[in-house]
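Student: What follows is each chain in one-letter form.
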Amino acid sequence: MDDLSYVGRSIPRKDGPIKATGRAKYTVDVTLPGMLVGKVLRSPHPHARILSIDTSKATRLPGVKAVVTAADSLKIKHGFVDTPRYPADQYPLAVDRVRHVGEDIAGVAAIDEDTAEEALSLIEVEYEPLAAVFDPEEAMRPDAPEIHPSHPKVNEPYRNIGGKTATSWGDVEKAFAESYLVREDKFYCQMRAHGYMEPQATLAHFDYSGKLNVWTSSMGVFLKRAKLAKTLGLPYGSVRVLKTYVGGAFGGKIDLFHHEYIASLLSMKCHLPVKIVYSREEVFKAARPAQPLIVQIKTGVAKDGTILGQEIHAINDSGAYHGSGVVVIFLAWGFAMAPYRVPSLKYEGYSVYTNNLVRAPQRGHGAPKMRFAAESQFDMIAEELGIDPVEFRLRNVRKPGDILPNGDSVKNFGLRECIERVAERTDFKNRHEAAKRERETGSKVKRGIGIGTTAYFGGSLIYPNSSSALVRLNDDGSVSLLTGALDIGQGCETVLCQIVAEELGVPVEEVQIYAADTETTPVDIGSWISGLTYVTGNAVKKAAEQAMKKLLAAAARELGADVNDLVARNKEIFVSHCPDKTISYAGAVAASIARDRGDSIIGEGHFRTMKDEPFHPSLASTKGRWTENYSSYAQVAEVEVDTETGVVKIAKVTTAHDCGFPVNPALVEGQIDGQVSMGQGHILTEEIRVENGCVINPSFLEYKIPCSLDMVETDYIDVITEQYKRGHHYNTKEVGEGYVSGTVVSVANAVFNATGVRVRKTPIHPHDMLAALDRLRTPKEEKKSGRS
Amino acid sequence: MRLPHFDLRQPSTVEEALSLMEEFRGSALALAGGTDLIPLMRYRLEVPSTLVSLQKVDCLKGISLQDGRVFIGAMTPLADLVSSSIISDNFPALLQAARAVGAPPILNLATVGGNICQNSRCLYYNQSRTWRLERPACFKAGGNVCHAVPKGNKCFSVYSGDLAPALVALDAVAAVEKRGRSRSVSIEELFSGNGLHPIALGKEELVTGVAILLPEKSSNSSYMKMRARPSIDYPLVSAAACATRGGNGKIEKIRLVLGAVGPSPVVVGDVGRFFEGKTLDEVDFDALSEIIGKGARMVDNLTFPGSYRKAMLSVIAEKAVRAALRPGAGKEKQ
Ligand SMILES: Cc1cc2nc3c(=O)[nH]c(=O)nc-3n(C[C@H](O)[C@H](O)[C@H](O)COP(=O)(O)OP(=O)(O)OC[C@H]3O[C@@H](n4cnc5c(N)ncnc54)[C@H](O)[C@@H]3O)c2cc1C
Ligand code: SF4
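So the protein sequences, as listed, match chains A and B.
Under this note's numbering, think of the first position of the first sequence as 22, with each following residue one higher.
Under this note's numbering, think of the first position of the second sequence as 981, with each following residue one higher.
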């Protein structure tokens, strides 16, 4: 193993003390003199024409400084995707029609909250309600109310199709014909919230120099700048988005959110700072929930369990606009094909408009739903064939070096080893068999064990596609890192400082980081697409390397030594064969300035993935590469099911993972625990309940997210990480998203193992579980599989 | 969400508190720990013009044992109940109920009086004003529809306090006072049975404490609660049981109370025939389950469907009875 001082160690978080002591400034804590309170008026209707908006009374209310509606805006649309195939489709303020409850109608800025609230109540809007539709399968029917015309390139006679992804390889029909067993099943999932603790919040100040300064709780400042500039009609130079501490996002704070636009527009109107902070209810009602997906999956296998072909039909309810719907139907395909060999596949995904809320990506963006469908069915097939679920997976798992249909290589893919190791650690096969036998005994509490797996991409190409970094040596020999990366709670600032400390031989505490300011820091890929440690990390590494090179060159000259003979450690440089010839970093910096006509020492680094890949993959056809590093996981859950109450309890989740090199192992374990908890919420308790387009449980009391006291026991197994320790310690893979899937799937499969009840819909409500147990007790003929 | 405007009064004696309650009769509410009331005020479901805080009335805090009777002051924090050996030695049901309230931070603030006097709950009622304004007001909010039961003609909100069912099972009595007059009311009688105003107290009245007789040696009690998340939630259904055994080990009497059924805790009547003179093994729980919750109208206004909650009543009741009759049971230590 390399002699590493900082990288690969569980260095405490840089932002730990300031957050734990409550002194970190989140957006809500940022205040400016003369700051106003902004509020948003929202549609109470799921679908309506706006006949008129009268803001005159609100404008006249004393204390109100600005009121805005679409009439004040440039009416420029925006969208999570904005491409020739999927042009932007959403106005930041509704123009003539609203398509979901909570859609933004108007904004007010006033001297205090009460005045702002009162002003909202004085705005008169006349609506003509229209027929609405909330179920995506109903919305596809030719007679459904039309929310938007179907995409012009979709030829099927369906309504409300926002987008379609279609791809295939091999001869699926032939594969099914040759299969020993073909199963077709359908799986549903709920609408989920991200559950970030910090609600959406924005402070915008359009100052008299004509610059819009924006502090906002986000996942990356450069994307916000691009979208604000576009919709407000401002040049990039007039929009500055600055860092604040962020209290979690989980995918739910990418893209432009309308309060960001509205706060900006209000401030542009009155030249005063305007702050909008969402209530938790508004987060549920107006920010974006995650993407639900219905997955119909048909799989044909040989007698020994080898997968021969698959046909998958996915339906996404994208809500009233595209949001990330047209992306999730593309990603779902990828999550179907990456971990296991599928020799022939036909995939179709539809993104369907409904009068529900617009959605955002959520940790895993489709993976938990696709893996839930695929691997629930794996276990069903394995059961029918009398094969152990672990065996079934090992028979089909991809091998290192496999080339995927999109041209990606899975390279040194560790999934096989993950499956083997997790099965061994949990004594899976014996316990799985034992639980099956015990199912029939009289015990009221049934125990079971289940497995689930995933493969996940990292650092894919999406705006702004790359990260740059600057590393600057100060004249006291300390180091400053400038990066556009925004720490959303995952600890990226700590990780990036570890890399600088490692490369430059300075104590990690002495690395100063200046992050996430569109004006002063270099561009960054953003805290999504699971690429920050990989993409930004490697940019930072290159910047630090370059700075080191310059520093050593100056030192070599000063010491009269060969650069190759120099060793740098703890801010000192010495000649290896004559250790008393030394110079401090401060001395070397001074020497560089003195000798090189004033050159201070600055290193720059840039990084993007898939350097030879000019294009983004096609959302429509799936052509194009995805990633250059696939992580993989296998997770095993142990559950208890109370057959009297239908309540499922997760006893333990064991994770075996191949995450490349863990730059900070404690942070990796934190990611796993966080995702196990998120998976627990997904499979057991969380659900946004909607009636006529209106959320009826918009609070953390009624939206049942697991709390710290509900956390299950976890255990981890590092799989191929060891190999990376030798010289590949910047080869990191994704750790921030994939583990949710394995948790969801392993619990669902464990529930079957315990009870014989197959979960086809998440979450597993106790009442549904009881009903299913009752049906088992009074069995009726139900066979969907056919055998040839 | 901001609080509406109110005047805060902070008396330091019971007399002062009672005079204030009388002075502002109808427009004042007592403020104990505030964990129930403050959220309701944020939602504008309560807009009292005066809050009479009992925080400084020290004599309302504490647990004492005198003459075979335990007295618990209304302002005793639930955290104190949970750590009291008088409670754990004598009233396992009350200890278990207190422990099951909300989550640890809530126990530190919440009081016994406030817990008993909390309002009933409903998914369509416990919502912000903005949320409620998007639909007509329901009965409980002063309107004339019910969103949980569209054709219903009354309110089906659910009293979700954890302590009351346990206290009813233990035959506890509340000390109720208004200026110049005090009365003792069984906890059971504190409830009106009306979802609109579940607590049968006069507007100027306060609960000053709860008294419970020490149990007979051979008796034991238990409280069982079902909730969506073990970490924090209100009960979806609950049951408290208090059982006494004779010298021969056979059951002498039992009191079984259901919680989160409707607007008040429900005493399961006429259970003697299932238990008296029997050992635990002889109890026919299937027959018992036939009568449990009979007549209760449980609707879809909490996390889980009413039908499921109703089905769970007998399951949870059986668990409570079994726990109260567990061999060797009687004392519950922390
Ligand atoms: C997240 C959350 C979870 C919760 N979970 C539970 C739960 O699981 N189980 C449960 O039972 N409760 C739960 N609660 C409700 C509440 O916390 C408890 O009921 C608590 O015990 C109320 O006590 P308090 O002192 O805070 O009452 P307060 O809020 O101060 O008062 C409640 C009501 O009682 C009245 N009142 C208070 N004291 C007196 C008195 N001495 N005489 C007359 N009237 C009085 C008040 O005017 C008010 O109307 C929860 C609350 C929250 C916020
Ligand atoms: S049960 Fe009906 S009337 Fe009562 S609070 Fe709920 S919605 Fe209102």
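Be aware that one or more of the hints could be misleading.
Below, a list of computed lysine-lysine pairs in the BS3-like style, where the Cα atoms sit at most 30 Å apart [claimed, not checked]: (1) B:Lys-1158 with A:Lys-465; (2) A:Lys-465 with B:Lys-1131; (3) A:Lys-251 with A:Lys-195; (4) B:Lys-1233 with A:Lys-670; (5) A:Lys-571 with A:Lys-670; (6) B:Lys-1197 with B:Lys-1158; (7) A:Lys-465 with B:Lys-1233; (8) A:Lys-465 with B:Lys-1134; (9) A:Lys-251 with A:Lys-319.
Some chain B residues well away from chain A (every beta-carbon gap over 12 Å; in silico) [claimed, not checked]: (10) Lys-1036; (11) Ser-1063; (12) Glu-1298.
Heads up, incomplete: computed chain B residues facing chain A, CB under 8 Å, no partners named [as the list claims (entries may be wrong)]: (13) Leu-983; (14) Thr-1110; (15) Thr-1283.
Bear in mind the hints are in silico, worked out from the structure with no lab data behind them.
Just so we're clear, the structure is a prediction, and the values are computed from it rather than from any experiment.
By construction, the Cβ of each residue, glycine as well, lies at the ideal position given by its N, Cα and C atoms.
Student: Check each numbered hint from earlier against the structure, then list the numbers of those it violates in ascending order.
Tutor: Violated hints (numbers, rising): 1, 2, 3, 4, 5, 6, 8, 9, 12, 13; every other hint is consistent with the structure.
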